[in-house]
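> Taken in order, these protein sequences are the chains called A and B.
Just so you know, full-length UniProt numbering puts 145 at position 145 of the first sequence, and the rest follows in order with no gaps.
Just so you know, full-length UniProt numbering puts 26 at position 26 of the second sequence, and the rest follows in order with no gaps.
Hints listed in this document are in silico derivations from the structure and should not be mistaken for laboratory results.
Any given hint could turn out to be false.
As the list claims (entries may be wrong) - Each computed BS3-like pair below joins lysine-lysine, with the alpha-carbon atoms no more than 25 Å apart:
#	chain 1	residue 1	chain 2	residue 2
1	A	LYS384	B	LYS384
2	A	LYS384	B	LYS99
3	A	LYS99	B	LYS99
Stated by the list, open to error - Computed footprint of chain A on chain B, listed as stretches where at least three residues anywhere in the stretch have a Cβ under 8 Å from a Cβ of chain A:
#	stretch
4	25-31
5	66-77
What the hints assert, rightly or not - One-sided excerpt, in silico: chain B residues whose CB lies under 8 Å from chain A:
#	residue
6	GLY272
7	GLN325
8	ASP382
9	ARG385
10	GLY388
Just so it is clear, CB atoms sit at the ideal spot from N, CA and C, and this is done for glycine as well.
There are 2 protein chains.
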Amino acid sequence: MTLTPPAAGVRTLADPDTPFAVVDVHKALRNIERLARRADRLGVALRPHVKTAKSLDVAALMHDGTHCPVTVSTLAEAEAFADGGYTDITYAVGIARHKMPRVTALLRRGVTLRVLLDSVEQAVFVADAARETGLAVPAQIEIDCDGHRGGLGPDAPDLVRAGRILHDAGCLDGVLTHAGESYFAHSPKERRLAAENERDTAVAAAGTLRAAGLPVRTVSVGSTPTAHAAEDLTGVTELRAGNYVFFDLVMAGLGVCGIDDLALSVVVTVIGHRPEYGWILTDGGWMAMSRDRGTAAQPRDQGYGLVTDLEGNVLPGLVMSAASQEHGTLTARDGADLPDLPIGTRLRILPNHACATAAQHRGYHVVDSAWPTGPAPVVQADWKRITGW
Amino acid sequence: MTLTPPAAGVRTLADPDTPFAVVDVHKALRNIERLARRADRLGVALRPHVKTAKSLDVAALMHDGTHCPVTVSTLAEAEAFADGGYTDITYAVGIARHKMPRVTALLRRGVTLRVLLDSVEQAVFVADAARETGLAVPAQIEIDCDGHRGGLGPDAPDLVRAGRILHDAGCLDGVLTHAGESYFAHSPKERRLAAENERDTAVAAAGTLRAAGLPVRTVSVGSTPTAHAAEDLTGVTELRAGNYVFFDLVMAGLGVCGIDDLALSVVVTVIGHRPEYGWILTDGGWMAMSRDRGTAAQPRDQGYGLVTDLEGNVLPGLVMSAASQEHGTLTARDGADLPDLPIGTRLRILPNHACATAAQHRGYHVVDSAWPTGPAPVVQADWKRITGW
């Protein structure tokens, strides 16, 4: 193909001040389509978790104008997605009583906002709020499938107790589980087993409730690793995943994706050299990348990130090995020579953990690698992130 | 003293939705006064680094209306402080050529914005910018005193070369060094030696330039640990430090401050219990605390933070041991019993690294522990943070 230089007025990745976050929309779309096809094949609805990108524009890539069901990690996301026309939202963090007025305000706006809980005490205050407001507050009971975080066991006595309290107030929607330990499942087989366990646990919990005469509508499972490994989701009604839109080095390290699938990166500028130490210094430190070092727990530690040129081609053997607030240090490894990257060179850093790196930025500059535009890709759009709680 | 309940309309830390960041202005002022007294005694000007709080309100605590000299880590901070009336600003990250238009725009506004560099190449483009714009761009040469990050050695040939290029363009202001390795100096003696080395290196670099006939105005040193350890700063003109305003568990672990000096915390709410694992779950995860685990490298690993009640009293033996995006896990250690903290209980978490935790928030709710107002301290003010680059 013939490359033409960008027209006057067109911005490229060489233009904005560094550091800044970039989304490659081509890779994001490819990742989205991959999981959408899987969900279709498995016969379950997909409810993307929007906590990674926190962007209405990224979420819009997932559907064709009919706002899809989404999962959120904060009420600020729920409110922003409601403002954007989304009406089917699950807030997948255990509910606190003081948050109920924000929940019921969204329900009054016609948004089906589902809340999550794993105790009788929470069920009581959710049911109370429903009675006080006259609004059915759809609630899901969190089920623990792998000892990762919150949740009740699938046959815990409190499951039926909480379910009955919710049901009596017209609030019981279903059960939800998250195979958080699958982020440490390093083989396809381990991830398949994690997906089977996630499904089995959720279906068993739904069975416990149904056996007690309590109707269960939603049986929700998901994590990015298990969503890409599940082979049979019989009994499950919906699949959640979030990180998969961008993917990251942790997911690549597990084998859930390849390095070439990573849709989020951070553009930095070389600001110095310390040849005596083998260091190249950049203006992108942990403020731009986050302090997340997720790959430190993997067989291949990728430091604070891998390095690509501005077009996205990986520079082999180069790693961002250290970070202070606004400084990054790049070093060679695996016997590679330190490349000649003069002061002023712009690079992209692929992050350990997309959720954490994205959170360091107020928005994204968007490029589309399906239409290569030369060494400095053209910025096609600027997308904002939702911040705060 | 007699406590009266807050008047109607008065907000307390029990009111805002969690998680949120809190600054105790009493502790911040105490920390500020402590270092101000030291700088006075040492006979040097203090140039606080505002990268920790990134707040005009916090900076205002440091002076009495006459805007003090400040250090910044981004041009966004420089621009915001210029908007706030500050006219003496050092941008202490190696300058990139593409940032020069923002630098010269600030100089044109009458702000003395000093830039930092450690190469002949940077000196050339700074001198070029000065000639092209007719503006003297005050520049400091970064000196490496401990192999921490950037900088030239105090007798590097490039020091005089860069100095001469700057001087010939009317830009040479001085030298700057930062004892970054002092964050790993665990005894008062090590920190005193680090401070002496920082001073000696900076003064030697100034001497190298002066011996070459190049005038040096500013000899700038500083880091929070060395600023609190220096006993003699002969030859130094100014002292920089930033973290000291809030302090954090890393600084307390080194012994630079006590736990009671920590002025920044994050308020979270208990949202669940897993008694079988000994876990209390909160709604404050790494999004609220950051992924910084600075104390992991110290003798006493404080997890993601220590836990206090809403008034600020440390709950002994309790630590935030794990974090996901919006979940925190509290566990007991040192043989302590897990306290009874019902769902809905609000707690404060003291962070590893104030710079990183503060960066996760858009602003601070401010309390004043000099005027105790009961178990839920009154919110005296809301202060905004500067974001982006």
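> All the hints need checking, so say for each whether the structure fits it.
Verification of the hints:
1. LYS384(A) x LYS384(B): OK: LYS384(A) and LYS384(B) at ~20 Å, within 25 Å.
2. LYS384(A) x LYS99(B): holds (23 Å)
3. LYS99(A) x LYS99(B): Violated. LYS99(A) to LYS99(B) sits at ~43 Å, over the 25 Å cutoff.
4. 25-31: n = 0 at 8 Å, threshold three: violated.
5. 66-77: holds (count 3)
6. GLY272: holds (5 Å)
7. GLN325: This interface hint holds because 6 Å falls under the 8 Å limit.
8. ASP382: violated (13 Å)
9. ARG385: Violated: closest Cβ of chain A sits about 11 Å from ARG385(B), beyond 8 Å.
10. GLY388: Result: holds, 6 Å to nearest chain A Cβ.
The structure is inconsistent with the numbered hints 3, 4, 8 and 9, although it conforms to all the rest.
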